[in-house]
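A.B. asks: Read off the chains here:
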Amino acid sequence: MSVRKSKFNKIKMNTKGKVKGIIANLVIVEADGPVSQNEICYIIMYDVKLMAEVIKITGNNAYIQVFESTRGLKVNTIVEFTGHMLEATLGPGILSKNFDGLQHDLDKMEGIFLKKGDYAPALEDDKLWEFKPISDIGDIVIPGSWLGEVKENWMPHKIMVPFKFQGKYSVKSIAAAGKYSINDTIAVLYDSNKNEIPITMVQKWPVKIPIKAYKKKPRPFKLMETGIRVIDSLNPIVEGGTGFIPGPFGTGKTVLQHALSKQAEADMIIIAACGERANEVVEIFAEFPKLDDPRTGRKLTERTTIIANTSNMPVAAREASVYTAMTIAEYYRSMGLKILLLADSTSRWAQALREMSNRMEELPGPDAFPMDLPAIISNFYARAGFVYLNNGKSGSVTFIGTVSPAGGNLKEPVTESTKKVARCFYALSQERADSKRYPAIEAVDSYSKYIEYPELQKYIKENISEKWVDNIMLAKNILIRGKETYEQINILGNDSVPVDYHQQFWKSEVVDFVILQQDAFDTVDASTPIERQQYMMEKVLNIYRLNFKFESFEEVNPYFKRIINTCKQMNYSKYKSKKFKIFETELEEIIQERT
Amino acid sequence: MQTSAFQKIYTKINNITKATCSLHADGVGYEETATVNGKLAQVVKIQGNLITLQIFSGTEGIPTNAEVIFSGHAPILSVSDELSGRFFNAHGQPIDGGPEIDGKPVEIGGPSVNPVRRKQPSELIATGIAGIDLNNTLVTGQKIPFFADPDQPYNQIMAMVALRAKADKIILGGMGLTDDDYLFFKNVFENAGATDRIVSFVNTTEDPPVERLLVPDMALTAAEYFATEKNQNVLVLLTDMTLYADALSIVSNRMDQIPSKDSMPGSLYSDLARLYEKAVQFPTGGSVTIIAVTTLSGGDITHAIPDNTGYITEGQLFLRKDSDIGKVIIDPFRSLSRLKQLVIGKKTGEDHPQVMNTAVRLFADAANAKTKSENGFDLTDYDQRTLKFAKEYSNQLLAVDINIEIEEMINTGWKLFNKYFTKSEIGIKDEIYEKYGNL
Ligand SMILES: Nc1ncnc2c1ncn2[C@@H]1O[C@H](COP(=O)(O)OP(=O)(O)OP(=O)(O)O)[C@@H](O)[C@H]1O
Ligand SMILES: [Mg+2]
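Line by line, the protein sequences are chains X and B.
Residue numbering for the first sequence follows the numbering used here, beginning at 1 and increasing consecutively.
Residue numbering for the second sequence follows the numbering used here, beginning at 1 and increasing consecutively.
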């Protein structure tokens, strides 16, 4: 760290204050020295310290939001300012951890109940890591350059030049391979004035500021396989892409995110459980240690970090939790890894902002949300992305958030602001959820802007198939036409429309039941690899292209139900297994009956 | 929490509004309770030494020279085994003529459980009602409300569920209960010989509405005591949470806060979540399960209260009158138990999930057929059969007045499928059909 900065810290360390006013978790503090916006401070209450963040300053008064309940707090209580903003602690040991929204290690806290001011540190100071140098004496390095690596679970965790550094440095010395703890010096750098700067395996970074230690951020172009058919085969997302899942309560946002976290093709998954149910996080705690990552065969826990700030945990920390999660994601991206960040639900984060803004009596925007909500959301989504690092390697942060629109109405500030920035839109429909057509993504209204990217189209043509993009368009068209014919049948009556209408409608039902619908709780059906998706898509499109012969409309429904039933049995069977083939033959026979 | 060594009496109030009064006082803690001429109050705002107190029963008749005494602590409940069988008001004071509780004073609205210390819920709660057990199975540690219009018999159903649930303790939190409903609960519990398993905190329509805000915290504090210290399975009944939320909006309105949707405070989600999240399965065996009632207005679930509730709870049980059979049913479309996956097909028959889903799907087909016929279209043979199926399904399984074992519910499902439909219409996985479908 540069000399100028540490001096700056020293001045700030001295600032103290006294509590002057309390309204819920908004506390007004009279400070005796300089205070900066978003600075962290601690209220010294008896034997516990309550962590808080400065959110507004007027004169000597700092308005702070406390990340804890303020019950029992009195005026004139002493407050100590820290001189820094809310920071994430970055180093080996983050993987597989369960943190709260401020990155305190939940597993290290004592007792069943969360205690005020129990701030278990994020990383273990005494754990030894097997370090391997990957830079040489004399190398010129910049923030984010890789100096060495340790094995974290199975992943190569790069030890980097801290992001807070500025300019160029040269490596004076680097530790030999061996076991080190995070606070051991693993390298010494020279700055431009030949000052020696020791480097450890841990660094800090303010969570609200994006980590930009990369060379460039092109438009994303690589498909990210999720195993979820309605995403991959109809509205694909890309490495470094952004997406959001709005939907009324109970329509399947969380189930979908959990499915993504289990199956998506990423090196690391970060789950920010932001203001939602604790039992849903418990489900992950219980399941992930038992489930295998389909690609590496390792346990899912090994590639997962959870930030749990559930709805009963302090509201202010809820807002911080998504930033903590994003900062961790950016840190791992700088190691050249593919990160998938999931946040459930971004609406709760927006509500946390609203609660605070109301307490500060700010002029409210639509639905009493703060006026700058759209800007806050868009800045956050902008942190995702595919990047080329300065060493030529690439990494990505893909971000998918859920949105919980009030009353299920998508015309509300959080949904609208998010829609402007997220490039994939996975709208969950109440109607589909009610009729148990899971996942309840409304495939026609939903979209992926990425399919329009020529870069992605090229990537798909080269790596997956020539026809993939055309198939997506065709499948969507079938669904749209199916919907239209269904309406016409309903208006005109079953026997007043040509039998072909029924056929048209039922062909779209085949797409719906066989491709869109997927049983998240069935071991086989839950995840469909791309190859299998292609295979089934071709099957279904082939059925669409055939012209079946029917005497009357009454024959159409039972016939297609048989087709759907057989295709579903295929979906439930192991790909290309004996059972799968038996159903496939059965399907061919059914098809031949009427062609 | 420290208690002050001596209690200072203040007698000069500066400001009085409908719900609050403010005065100058020293050494007061946030959320501390006080009495203002004997009325219970709580600190809601501190500015320097100006303290704003919310008076639960309202400020009518409070003079500027009222006696204000601070307690030195947040609202408390004395907990011990003596709570069993007793009735209390919103402040935790006995209303049954019995003695004060001799127990450990505990601040209500205490800390949250560390999520990593929770256990995944896994114990099924059988209620005998198929609309619940078959379609929306409940699990200990779950939180779930009944969504019901005010004219539905939700309190009766809730009492029945509570008694059949085999809980070690039942804690009733009544908010804005009519006297009739209060007496109803009392009678049912007494007749069932269950009084000593029950603790009640009751705010009736005669009590000041704002006092209701204390009821759920009182009930949940008692529940946590039995669940953690006695490792008991505790069932908390909260009725009616809509009236609780209404009280929140009264307070925020009186304090000039900016309302969000439906005049509710912007913090409604957090306020409700804080309570409902007290539902938990503890690693030591105890559990807190919450069954609540959220009354709706004209079945509208998009109103802020049911909407926020739905986003918090683990499903909802939607009561509706089925005009075809003239009975109240648990609507299979709009009801959901999100924790059912943890037990169905595991603690119940392997065929349970498929039977449940199939029945609901066929019931949906029947609903479509009904719409079709109402619009004057001819019904197909399949449509006709779904309608017949729906009637029997509704009568034998969805109605709230049945009381059978889960196995029988599943068998009834199969019987109805085979009575009206072919194998491909039933569309259940072959394996399962072969094994269980041929009764
Ligand atoms: N893909 C699926 N397959 C089977 N069931 C599903 C699927 N998705 C959702 N469900 C059912 O819907 C229920 C609710 O889903 P989920 O918890 O994901 O809803 P949500 O949209 O996250 O709701 P909330 O906004 O209240 O959190 C699940 O418990 C499950 O019963
Ligand atoms: Mg959810």
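Honestly, the hints are just simulated from the structure, not real lab data.
Be careful, since some hints might not be right.
As the list claims (entries may be wrong) - Not the full set, but computed from the structure, chain X residues with beta-carbon under 8 Å of chain B:
| hint | residue |
| --- | --- |
| 1 | K97 |
| 2 | F113 |
| 3 | G117 |
| 4 | N279 |
| 5 | P289 |
| 6 | K290 |
| 7 | D292 |
| 8 | P370 |
| 9 | K436 |
| 10 | M473 |
| 11 | F521 |
| 12 | Y535 |
As the list claims (entries may be wrong) - Straight line, CA to CA, 20 Å or less: simulated EDC-like cross-link-like pairs of lysine to aspartate or glutamate:
| hint | chain 1 | residue 1 | chain 2 | residue 2 |
| --- | --- | --- | --- | --- |
| 13 | X | K576 | B | D262 |
| 14 | B | K429 | X | E30 |
| 15 | X | K56 | X | E30 |
| 16 | X | K97 | X | E80 |
| 17 | B | K347 | X | E287 |
| 18 | X | K411 | B | D262 |
| 19 | B | K372 | X | D434 |
| 20 | X | K561 | B | D430 |
| 21 | X | K561 | B | D381 |
| 22 | X | K574 | B | D381 |
| 23 | B | K423 | X | E30 |
| 24 | X | K579 | B | D430 |
We treat Cβ as the ideally placed atom computed from N, Cα and C, and that holds for glycine.
A.B. asks: Could you run down the list of hints and mark each one as holding or not?
C.D. replies: Verification of the supplied hints:
no., hint, result
1, K97, "violated, 10 Å"
2, F113, "holds, 4 Å"
3, G117, "violated, 11 Å"
4, N279, "holds, 7 Å"
5, P289, "violated, 12 Å"
6, K290, "violated, 12 Å"
7, D292, "violated, 19 Å"
8, P370, "violated, 11 Å"
9, K436, "holds, 6 Å"
10, M473, "violated, 30 Å"
11, F521, "holds, 6 Å"
12, Y535, "violated, 21 Å"
13, K576(X) to D262(B), "violated, 55 Å"
14, K429(B) to E30(X), "violated, 68 Å"
15, K56(X) to E30(X), "holds, 12 Å"
16, K97(X) to E80(X), "violated, 29 Å"
17, K347(B) to E287(X), "holds, 18 Å"
18, K411(X) to D262(B), "holds, 16 Å"
19, K372(B) to D434(X), "holds, 19 Å"
20, K561(X) to D430(B), "holds, 15 Å"
21, K561(X) to D381(B), "holds, 15 Å"
22, K574(X) to D381(B), "violated, 36 Å"
23, K423(B) to E30(X), "violated, 75 Å"
24, K579(X) to D430(B), "holds, 11 Å"
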